[in-house]
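Trainee: Each chain, written out:
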Amino acid sequence: MMNILKSKFLLLARQPASFIIITIVICVFAFVLGLGQQAKVPIAVYSDLKEDLTNDIVEKLNEFPLSKFTIYEEEEALRKVEDGEVDVTIHLQNEGFDLIIAPDYMEAPVLQNQLTTLYGEIMQKDAILNSFPLGMQSQVETVLNEAEQHPSFQVHYSNFSNDEGFIWDAKLQSLFGFTLYMVIYTVANGVFHIVIERRNNIWDRLTISSMSKTKIYLANLTYSFLLGYIQVALVLSIFNFGVGVNFYGGYINALIAVIPYLLCIVALSIFIASISNTPGKFNAYISVVAVPIAMIGGGFWPLEIVTSEIMQAISYISPIKYGMDLLYGVTLFGEPLTAMIEPISVLLFMTVLLMGLGINFLEKKEQR
Amino acid sequence: MAKSMLEVVNLSKVYKKNKAVDQVNFYIEPGEIVGLLGPNGAGKSTTIAMISTLISPSAGDVLLQNHNVIKDPTKLREILGVVPQEIALYGDFTARENLEFFGSVHKMPKKLLKERIEVVLKQIGLEHEHKKLVKHYSGGMKRRLNIGVALLHEPQYLIMDEPTVGIDPQSRNHILETVKQLNQEMKTAIIYTSHYMEEVEYLCNRIYIMDKGRIIASGTKEEIKSILSSEKIIVVKFNRHSNSLIKELMDQPLLSNVSVKESEVSFTVAKDTNFLPLLMNLCDQYKVVLNSFQVEEPTLEDVFLHLTGRALRN
Numbered sequence: 001m002m003n004i005l006k007s008k009f010l011l012l013a014r015q016p017a018s019f020i021i022i023t024i025v026i027c028v029f030a031f032v033l034g035l036g037q038q039a040k041v042p043i044a045v046y047s048d049l050k051e052d053l054t055n056d057i058v059e060k061l062n063e064f065p066l067s068k069f070t071i072y073e074e075e076e077a078l079r080k081v082e083d084g085e086v087d088v089t090i091h092l093q094n095e096g097f098d099l100i101i102a103p104d105y106m107e108a109p110v111l112q113n114q115l116t117t118l119y120g121e122i123m124q125k126d127a128i129l130n131s132f133p134l135g136m137q138s139q140v141e142t143v144l145n146e147a148e149q150h151p152s153f154q155v156h157y158s159n160f161s162n163d164e165g166f167i168w169d170a171k172l173q174s175l176f177g178f179t180l181y182m183v184i185y186t187v188a189n190g191v192f193h194i195v196i197e198r199r200n201n202i203w204d205r206l207t208i209s210s211m212s213k214t215k216i217y218l219a220n221l222t223y224s225f226l227l228g229y230i231q232v233a234l235v236l237s238i239f240n241f242g243v244g245v246n247f248y249g250g251y252i253n254a255l256i257a258v259i260p261y262l263l264c265i266v267a268l269s270i271f272i273a274s275i276s277n278t279p280g281k282f283n284a285y286i287s288v289v290a291v292p293i294a295m296i297g298g299g300f301w302p303l304e305i306v307t308s309e310i311m312q313a314i315s316y317i318s319p320i321k322y323g324m325d326l327l328y329g330v331t332l333f334g335e336p337l338t339a340m341i342e343p344i345s346v347l348l349f350m351t352v353l354l355m356g357l358g359i360n361f362l363e364k365k366e367q368r
Numbered sequence: 001m002a003k004s005m006l007e008v009v010n011l012s013k014v015y016k017k018n019k020a021v022d023q024v025n026f027y028i029e030p031g032e033i034v035g036l037l038g039p040n041g042a043g044k045s046t047t048i049a050m051i052s053t054l055i056s057p058s059a060g061d062v063l064l065q066n067h068n069v070i071k072d073p074t075k076l077r078e079i080l081g082v083v084p085q086e087i088a089l090y091g092d093f094t095a096r097e098n099l100e101f102f103g104s105v106h107k108m109p110k111k112l113l114k115e116r117i118e119v120v121l122k123q124i125g126l127e128h129e130h131k132k133l134v135k136h137y138s139g140g141m142k143r144r145l146n147i148g149v150a151l152l153h154e155p156q157y158l159i160m161d162e163p164t165v166g167i168d169p170q171s172r173n174h175i176l177e178t179v180k181q182l183n184q185e186m187k188t189a190i191i192y193t194s195h196y197m198e199e200v201e202y203l204c205n206r207i208y209i210m211d212k213g214r215i216i217a218s219g220t221k222e223e224i225k226s227i228l229s230s231e232k233i234i235v236v237k238f239n240r241h242s243n244s245l246i247k248e249l250m251d252q253p254l255l256s257n258v259s260v261k262e263s264e265v266s267f268t269v270a271k272d273t274n275f276l277p278l279l280m281n282l283c284d285q286y287k288v289v290l291n292s293f294q295v296e297e298p299t300l301e302d303v304f305l306h307l308t309g310r311a312l313r314n
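Sequence lines, in order, name chains A and B.
Heads up: the first sequence is residues 1 to 368, going by this note's numbering.
Heads up: the second sequence is residues 1 to 314, going by this note's numbering.
It should be emphasised that the hints constitute simulated quantities derived from the structure, not laboratory data.
As the structure is a prediction and not an experimental result, all values here were calculated from the model.
Built from N, CA and C at the ideal position, the CB exists for glycine as well.
Careful, some of the hints might be misleading.
Claimed, not checked - Part of the chain B face toward chain A, derived, beta carbon under 10 Å:
{"no.": "1", "residue": "Pro73"}
{"no.": "2", "residue": "Gln85"}
{"no.": "3", "residue": "Phe93"}
{"no.": "4", "residue": "Glu100"}
{"no.": "5", "residue": "His106"}
{"no.": "6", "residue": "Met108"}
{"no.": "7", "residue": "Leu133"}
Same shape as in the complex, but just chain A (with noise of 0.2 Å):
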């Protein structure tokens, strides 16, 4: 088994380019999408609400991390998202607020959520204020900003898919989504190894020495998962190290967590291997299949601001959802790996899955 790891590795030496190309790729995705995000989003606001309250929104609002919130005139507000020199004008109104966003803007469901919560806050401790006569209004918001420092009950939020609050790190985010995403073709790389020693007939010669079938896909499979399994530790390294990205005290746990994924990730492309017929099949199957689970399975953006309950539902099929529930728990949310049992059980089973079938396909077609 090891003279085949020992021959991989010694054509990646000899052949390395496409190894190197993804690895820059991620550091680069994930630098200019994670760290380009520091700078903060200017946004314009202005509003049919009493300055007091307004000025009260806007304050609360640039507690927000990503963005800045100003207050202009109406028409300057416009003006502005027109001329595309802000991405987002809030209308903020007694009903309710719009919001005029730029075809581009990302972060638009993020948005509306924060002003959602903020807003009704604000808007029922104004209705409150307003329900008591004038001359005890003062004395009513006394008491409402002591509730609101000492209040009677603590909310924390404690699992790592938030059910109801949503806690992310953009840096991070960008990081192990694109890191999880590109990583996908790393491992197939190392399958694709095993659909051309099929076609040219390597693989027959193999099957014929004296080595076993077992080991013969146990070596081979064991380069494709240390092939991604390298490229993932070098990304997080460079971040943790190098980059300075904080990883929350998880950095460790991080480079445990990640690999049931990536043996989900080899189970999926021998999967995909045994169902198509050519390289060439191979390779268009692998770019039809990543795209989307890392779309559907949070890799480019959180899923909590997936609004469609159909979306959220089809990203529980996709491996990176299970991948980022692992990273995001033992990183932010502080989790042991032993709290990561669901995800960590749900990868394992697509693994035997996906495996099973894969290498049973391959081994039918061989005897056709």
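Fit chain B to the given chain A structure using the hints.
Mentor: Okay, now just chain B, sitting in the frame of chain A:
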């Protein structure tokens, strides 16, 4: 040296409703070279794949000294080398690296493997080119290395599937000599398939001809040729080409297998047939002059075409 006979008994392979191989029986004894001939789609490659334990038969057995190879392929795999029709090598490895890798998967001890690599490189004439990447080799060099890989573990049986396809005459000659030498010096038993009849005629002691999944003829070269011994092949040359004359020749019941090759026309007639008066009459009738004629012994190719037909195969 091969000590055990390899036998194929009632071997069949069915794909859905298509019988690719149908009740094939043959054997190869130690030290023999056996030719397996057949047109495209005859079932040769499927038969070879079953013998080399790559695919399982639908029915029948492959026996090595009465040991069932289908149930337990290990014993055969240790003593079998296969030279596939395609170049099954790593293009990004050198010849030496390819040999080292494929030798290692045969679990050869390191010291022995090192020695064998030197021997094999000499055998295939690549001892001075072993440091080049295979992707930079010529077609002939790749073919020779393709054979070399199968020889590393000194197999007692060697299956060669069209090993000389698409190479120059020098490399082809070298391969044929290597095969002959292997058989004579190492007593390696070889199953050889090719579309080049002269190669099979030169190398093989016995021949099997397959068509439509079945063995349709078998025996020594002489026995195979004797299938046409009651007939003779006549090759005639006319002063000019006449389509009407050729059509007339084809319609003659006394003549068979009429074919035209450039200015020559050949046909088969029964040994005791006096075909000359007929030929002269036809020449007069179509105003064509007979320049020469020659009586030839049937070749292996004649027998092959006689048995499998001249119609084009897909």
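Trainee: Hint by hint, say whether it matches the structure.
Mentor: We went through each hint and held it up to the structure:
| no. | hint | in the structure |
| --- | --- | --- |
| 1 | Pro73 | holds (8 Å) |
| 2 | Gln85 | holds (8 Å) |
| 3 | Phe93 | holds (7 Å) |
| 4 | Glu100 | holds (9 Å) |
| 5 | His106 | holds (5 Å) |
| 6 | Met108 | holds (9 Å) |
| 7 | Leu133 | holds (8 Å) |
Going through the hint list in order, the structure satisfies each hint without exception.
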